[in-house]
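Peer 1: The residues making up each chain are set out below.
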Amino acid sequence: MIQMNHVSKNYPDQVFVLSDISLEILSGEFVFIAGPNGSGKTTLLRILFGAERPSSGEVVVNGMNITERGFDKVYALRKTMGIVFQDVKLLKDRTVNENILFALEVTGHSRREARHRASEVLSRVGLQERERDLILNLSGGEQQRVAIARALINDPPLLLADEPTGNLDGQMTMDVMGIFTGLHRNGTTIVFATRDVDLVKRYPHRIISLSEGRRVDARKDGEVRAGE
Amino acid sequence: MISFLQYAMRQAFQNIRRNLFPNLTTIGIIGISILIFSALTLISLNLSSFLKIWEDKIEVIAYLKKGIALREVENLLRKTRQLEGVEGVKYVSPFDAMAFLESKLGNQKNLLHGIQIGVLPPSFEIELKKEFRNSTRIKEVVFQLKQFPQFEEIQYGQEWVETFSALVHILQLTQWILGGLFIIGIVFITSNIFQLTISSRHEEVEIMQLVGASPAFLRVPFYMEGVLQGLLGGGVAIFLLYLLNKIFFLYIPLPIQAWLARVPIQFLPPTMIFWILMGGMGLGFFSSFVASMRFLRYT
Chain G
2 MIQMNHVSKN
12 YPDQVFVLSD
22 ISLEILSGEF
32 VFIAGPNGSG
42 KTTLLRILFG
52 AERPSSGEVV
62 VNGMNITERG
72 FDKVYALRKT
82 MGIVFQDVKL
92 LKDRTVNENI
102 LFALEVTGHS
112 RREARHRASE
122 VLSRVGLQER
132 ERDLILNLSG
142 GEQQRVAIAR
152 ALINDPPLLL
162 ADEPTGNLDG
172 QMTMDVMGIF
182 TGLHRNGTTI
192 VFATRDVDLV
202 KRYPHRIISL
212 SEGRRVDARK
222 DGEVRAGE
Chain C
165 MISFLQYAMR
175 QAFQNIRRNL
185 FPNLTTIGII
195 GISILIFSAL
205 TLISLNLSSF
215 LKIWEDKIEV
225 IAYLKKGIAL
235 REVENLLRKT
245 RQLEGVEGVK
255 YVSPFDAMAF
265 LESKLGNQKN
275 LLHGIQIGVL
285 PPSFEIELKK
295 EFRNSTRIKE
305 VVFQLKQFPQ
315 FEEIQYGQEW
325 VETFSALVHI
335 LQLTQWILGG
345 LFIIGIVFIT
355 SNIFQLTISS
365 RHEEVEIMQL
375 VGASPAFLRV
385 PFYMEGVLQG
395 LLGGGVAIFL
405 LYLLNKIFFL
415 YIPLPIQAWL
425 ARVPIQFLPP
435 TMIFWILMGG
445 MGLGFFSSFV
455 ASMRFLRYT
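For the record, the sequence lines run as chains G and C.
Be aware that the first sequence starts at 2, since it is given in the working numbering, and climbs by one per residue.
Be aware that the second sequence starts at 165, since it is given in the working numbering, and climbs by one per residue.
No lab work stands behind these hints: they were computed from the structure.
Where is the CB? At the ideal position from N, CA and C, for every residue including glycine.
Treat the hints loosely; a few may be bogus.
Said to hold, decoys possible - Here are the in silico distance ranges between beta carbons for each label pair:
# : chain 1 : residue 1 : chain 2 : residue 2 : range
1 : G       : E114      : C       : I429      : 45 to 51 Å
2 : G       : K93       : C       : G446      : 35 to 41 Å
3 : C       : M442      : G       : V61       : 44 to 50 Å
Generate the whole structure from the sequences, applying the supplied hints.
Peer 2: Have a look at this one:
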């Protein structure tokens with residue numbers, strides 16, 4: 002599903018943000034990208050959804066080689082994945098339903114189709130009762146569930162999540178993780194970036210650890226891997 | 165395709181409603197620019213049609229030298245009729261000329277008492293073919309006439325035709341230079357206003373890019389917004405010009421009104437209004453296109 006071969010990323014006059022990263026994520030996997038702030042997690046995800054171009058190396062996502070990012074490729078790529086962020090990126094002055102309908106319409110669904118699909122994805126995250134509520138009136142956890150619902154509109158086989166529980170308290174984090182676990186159980190590949198070590202320990206998923214832009218993975222049994 | 169167009173149209177209207185002030189500013193700028201351009205077009209159009217009417221009445225009067233024999237006059241008449249650009253020639257004898265002058269003087273014709281008929285020279289009134297009734301080609305006919313030594317003087321109101329024609333050309337030139345400057349100005353100002361509206365909608369744009377909206381979904385509503393603004397700006401300009409035109413005729417003094425009644429003053433014809441509106445739409449589209457090329461790139 003995802004393959005990165007010797008990927009590095011640096012900005013002009015800056016040190017490497019990512020250095021010689023190689024990894025492979027198989028279809029149906031749930032993988033944590035773990036590491037402290039500034040370790041390169043977000044840059045890695047941004048490369049995976051085509052917002053950044055690697056300085057060197059090769060990236061293949063969902064069968065598309067996105068190393069040489071082209072305008073056409075990016076939107077085609079993003080239709081095959083869902084993306085969730087810590088800062089939810091929702092239209093706060095609109096209702097839950099309007100947020101989902103907007104995303105559906107701009108991806109080419111007809112109004113009727115969009116209404117049907119919106120209630121479907123909202124029921125998957127347990128928010129169908131709140132579809133008429135403004136985003137402003139929702140809790141942080143609920144807002145993140147709306148963001149997940151929006152990420153599911155294209156029924157993507159891959160979900161990228163960048164610190165989706167970063168702003169949430171314990172119970173809300175558990176609720177959101179419950180949704181991700183359910184999606185994973187149904188076959189969705191999930192790449193979950195987080196700095197929360199406790200959260201990573203609680204789930205039996207593979208961990209790719211980053212530190213200062215390099216892979217420093219440790220298996221659950223404590224073995225440190227230099228790369229895959 | 166239909167649902168896409170419906171979406172783009174709906175988005176364009178929503179964008180205008182949500183960013184009412186910048187949109188009204190854009191419509192106003194386009195409207196004022198088109199109004200000035202249309203006003204110049206209207207003036208130029210009317211002067212041109214006035215010039216055309218005047219040109220249609222252009223004729224050349226060639227005065228004959230005194231003492232030319234009648235047989236020679238007939239021979240000259242035949243030769244003049246054969247000249248290129250000449251439609252017809254009428255011989256005006258001194259007697260006819262005096263009768264014309266008397267009719268022109270009306271009640272004051274007694275002023276001519278005591279004046280001998282022979283004072284007025286005989287002349288040819290030369291009617292020109294349609295394509296020769298302009299300040300450039302009339303000279304070709306005059307040049308040919310000047311080759312005949314029997315003519316004393318040739319008159320055709322040259323200065324008047326040339327001055328009027330030059331005035332119309334200067335006006336048309338001003339119209340197009342101003343039009344060109346307005347186009348550059350409109351594109352610069354409105355594309356910057358579009359940049360502001362795009363910035364105010366950056367959250368929507370970011371979401372569209374994240375969920376994989378195609379470039380068409382991202383950009384076409386902005387293009388439609390531009391086209392709508394151009395259409396509204398053009399419409400406002402035409403409407404204001406129509407009102408100004410009406411007001412102008414209401415407030416001008418009566419003697420001028422009476423004089424103008426003899427001249428066929430016209431408003432912009434429908435085809436010209438159509439092209440002005442199309443031009444406005446084109447300008448709006450181009451401005452939004454320039455802004456989108458700079459600020460609606462996929463990230």
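Peer 1: Checking each numbered hint in turn, tell me which of them this model violates, lowest number first.
Peer 2: 1
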